[in-house]
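Participant: Following the hints, position chain B against chain A.
Chain order of the listed sequences is A and B. In terms of the working numbering, the first sequence opens at residue 14 and continues consecutively. In terms of the working numbering, the second sequence opens at residue 14 and continues consecutively.
Incorrect hints may appear among the rest.
Same chains, same label: a pair holds when it works inside one copy or across any pair of copies.
What the hints assert, rightly or not - Think about it this way: if two alpha-carbon atoms lie no more than 30 Å apart in a straight line, the pair counts; the simulated DSS-like pairs of lysine-lysine are: (1) Lys61 / Lys134; (2) Lys291 / Lys210; (3) Lys134 / Lys46; (4) Lys187 / Lys34.
Since the hints were made in silico from the structure, they are not lab data. Small disclaimer: the values here were computed from a predicted structure and weren't measured.
Protein chains: 2
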Amino acid sequence: MTKELKVAMLGFGSAGKAFAKLLMDKHGEILDKYKCDVKVVAIATNSKGSMVDEDGIDLELAISDVKNLNHFDKKRKGYSNLNSIEIAEKVNYDVIMELTPLKIFTGQPAIDHIKAALNRKKHAITANKGPIAWAYEELRDLAKRQNSLFYYETTVMDGTPVFNLVDETLDLCKVTEVNGILNSTTNFILEEIAKGKAYDDVIVEGKERGFIEADPAMDIEGWDAAAKTAVLLNVLMGANITPVDIERKGIEDITAEQIEYANKRGNIIKLICHGSIKNGKVIGKVEPKEISQDDIYSNIKGTSSIVTITTDLMRDLTIVEHDPEIEQTAYGVFSDLLRVIRFNKIIEY
Amino acid sequence: MTKELKVAMLGFGSAGKAFAKLLMDKHGEILDKYKCDVKVVAIATNSKGSMVDEDGIDLELAISDVKNLNHFDKKRKGYSNLNSIEIAEKVNYDVIMELTPLKIFTGQPAIDHIKAALNRKKHAITANKGPIAWAYEELRDLAKRQNSLFYYETTVMDGTPVFNLVDETLDLCKVTEVNGILNSTTNFILEEIAKGKAYDDVIVEGKERGFIEADPAMDIEGWDAAAKTAVLLNVLMGANITPVDIERKGIEDITAEQIEYANKRGNIIKLICHGSIKNGKVIGKVEPKEISQDDIYSNIKGTSSIVTITTDLMRDLTIVEHDPEIEQTAYGVFSDLLRVIRFNKIIEY
Chain A
14 MTKELKVAML
24 GFGSAGKAFA
34 KLLMDKHGEI
44 LDKYKCDVKV
54 VAIATNSKGS
64 MVDEDGIDLE
74 LAISDVKNLN
84 HFDKKRKGYS
94 NLNSIEIAEK
104 VNYDVIMELT
114 PLKIFTGQPA
124 IDHIKAALNR
134 KKHAITANKG
144 PIAWAYEELR
154 DLAKRQNSLF
164 YYETTVMDGT
174 PVFNLVDETL
184 DLCKVTEVNG
194 ILNSTTNFIL
204 EEIAKGKAYD
214 DVIVEGKERG
224 FIEADPAMDI
234 EGWDAAAKTA
244 VLLNVLMGAN
254 ITPVDIERKG
264 IEDITAEQIE
274 YANKRGNIIK
284 LICHGSIKNG
294 KVIGKVEPKE
304 ISQDDIYSNI
314 KGTSSIVTIT
324 TDLMRDLTIV
334 EHDPEIEQTA
344 YGVFSDLLRV
354 IRFNKIIEY
Chain B
14 MTKELKVAML
24 GFGSAGKAFA
34 KLLMDKHGEI
44 LDKYKCDVKV
54 VAIATNSKGS
64 MVDEDGIDLE
74 LAISDVKNLN
84 HFDKKRKGYS
94 NLNSIEIAEK
104 VNYDVIMELT
114 PLKIFTGQPA
124 IDHIKAALNR
134 KKHAITANKG
144 PIAWAYEELR
154 DLAKRQNSLF
164 YYETTVMDGT
174 PVFNLVDETL
184 DLCKVTEVNG
194 ILNSTTNFIL
204 EEIAKGKAYD
214 DVIVEGKERG
224 FIEADPAMDI
234 EGWDAAAKTA
244 VLLNVLMGAN
254 ITPVDIERKG
264 IEDITAEQIE
274 YANKRGNIIK
284 LICHGSIKNG
294 KVIGKVEPKE
304 ISQDDIYSNI
314 KGTSSIVTIT
324 TDLMRDLTIV
334 EHDPEIEQTA
344 YGVFSDLLRV
354 IRFNKIIEY
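One chain only, chain A, in its complex shape (with noise of 0.2 Å):
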């Protein structure tokens, strides 16, 4: 018997929309494999209006208004003022969608997002690393007692299986170190000054591009990596630290000499992302280090990412994404999505 799946999605920019997309691409798959039928009854934007409808939005009509009005139609069956927390708390689905943009320092509004729903005891899915910097003990434990699923995967390295290989591959396995390089913006940016380009030149370049951001800041200062170190430890090693706990440098103070001089010695500087326990206790480090042209971090370029995972059982196991796009962060949510759908599935059993 076919079974109904109802989403929330709180957030529908780039992600949001490419998820859409792959929902509807794959809603005739999903159907047949896992006999469910996964309708979106409600997405939340801040600024172009809300839609709910517990039939199901029409996905294409939703992307396509937003396309060309900017803004979901108002003259369109389900559209809807209700905000973000009020379709948290009050629309009737079955796994939300955490889509809204990072709040880098508190990780709210999403902490409330997914409290609202776990605490109605329903699923949650973020790909926002927020709650998962934030609050991850909190949340998974308020999950664990609701009997909801708290998936994350999206969070780092977009759907890169980072959290779903230690989960299902490496049962048994007690983390012990992770390292990786994390935040793509500074590696573009010291890539191009080991070029010979300027700094500022790079910056604009790299605006233009679309490898920067407007504000570059959260990124050169390493709070982004910090943000997913934090979001690393708390979930491979019960680190139980926030963003702020980590020991932090960014590359605002990398000169181009230092670059070069690192690099007549056969080494590049990446920004390292790194976690290790020492007298007992998960301590988290972001910092610029000099990487051996011999070793396989030294050819992780542009926005491609690289983590290693350490494992008493396993040792060092790496796992690399290369030039992702926004359809491989929507798969990230999509297999979190199908993991619930799973879940059911067993449950059913």
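Facilitator: Using the frame of chain A, we list chain B on its own:
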């Protein structure tokens, strides 16, 4: 309530003994986490006798007997003259673990061992890649008909999750291409020649250091890489091919001059495994290729290995195993065993 799981091990070489040690080490944890009491009820060897004991073999004694006597102790309770196929056919076990040496051109007798187990509706785990390279579809279909589980994570990259990664974390993704460096002997030889050493000296030194087998022809001519490629393509791409179907070129004709010439252009020669789809058919290839020093593949050294799996939804995803030891091989079959245990738990539940 605690459940019992009876394991029959075929083969007790270095991987078998490392698995036995890991199992002893983790027996209590498995009991706690899964309420499952794992017992090894049979161990078959070709030249050291066999052990069969439904109450569970004392693995510590089995290891020390083989160490001290180079044979199981004939006076020990449970000593048996049954051979591997007799054990597969007659002993009362739940899971067979195929750990016998690879016969690269037939996959036998490992295929028959696994068939014997599946025909009796037992589960099967293989670390031996022969059965997957030569008879994957037949064994998979047989397992399905018998409602048996059939796992083979260790056959490529030891315990590194390659098949489980695709199975458990890339749901609904279609694999369109596979690439990798999967043979450490050729990797070692090419590196040493690049350092200016003579081919024959490299072989002698490699044998002394344990990097090269007594008869290195299977590695040098690319047969080992072809078998691994066949395994990857059979499992991930439904190729239904064998090692002889792989277009294969070894490193036997690579000269120091070629390596040097490649080097001058910033390239390194590696033996690359490749699979893709041409005219609707999966084709496999093993050949030495020039890799740019900017590519992470150029930095896969010695016994490390790398696989890149290309899918429609997640594009390229790369996984690296660093300098594995026999403990990582043991973890591969151990993790397959945990999957069997988890599956049994779901069934109960």
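Participant: Go through the copies and call it for Lys134 and Lys46: within, between, both or neither, with a Cα cutoff of 30 Å.
Facilitator: Cα proximity of Lys134 and Lys46: in one copy and across copies (26 Å, 26 Å).
Participant: Pop the pair Lys187 and Lys34 into one bin, within, between, both or neither, using alpha-carbon distances up to 30 Å.
Facilitator: between (37 Å within a copy, 17 Å between copies)
Participant: Can you tell me if Lys291 and Lys210 fall within 30 Å by alpha carbon in one copy, between copies, both or neither?
Facilitator: Cα proximity of Lys291 and Lys210: none, with 39 Å in one copy and 43 Å across.
Participant: Have a look at Lys61 and Lys134 and pick one of within, between, both or neither, based on CA distance no larger than 30 Å.
Facilitator: within (28 Å within a copy, 58 Å between copies)
Checked against the numbered hints listed earlier, the structure breaks hint 2 alone; every other hint is satisfied.
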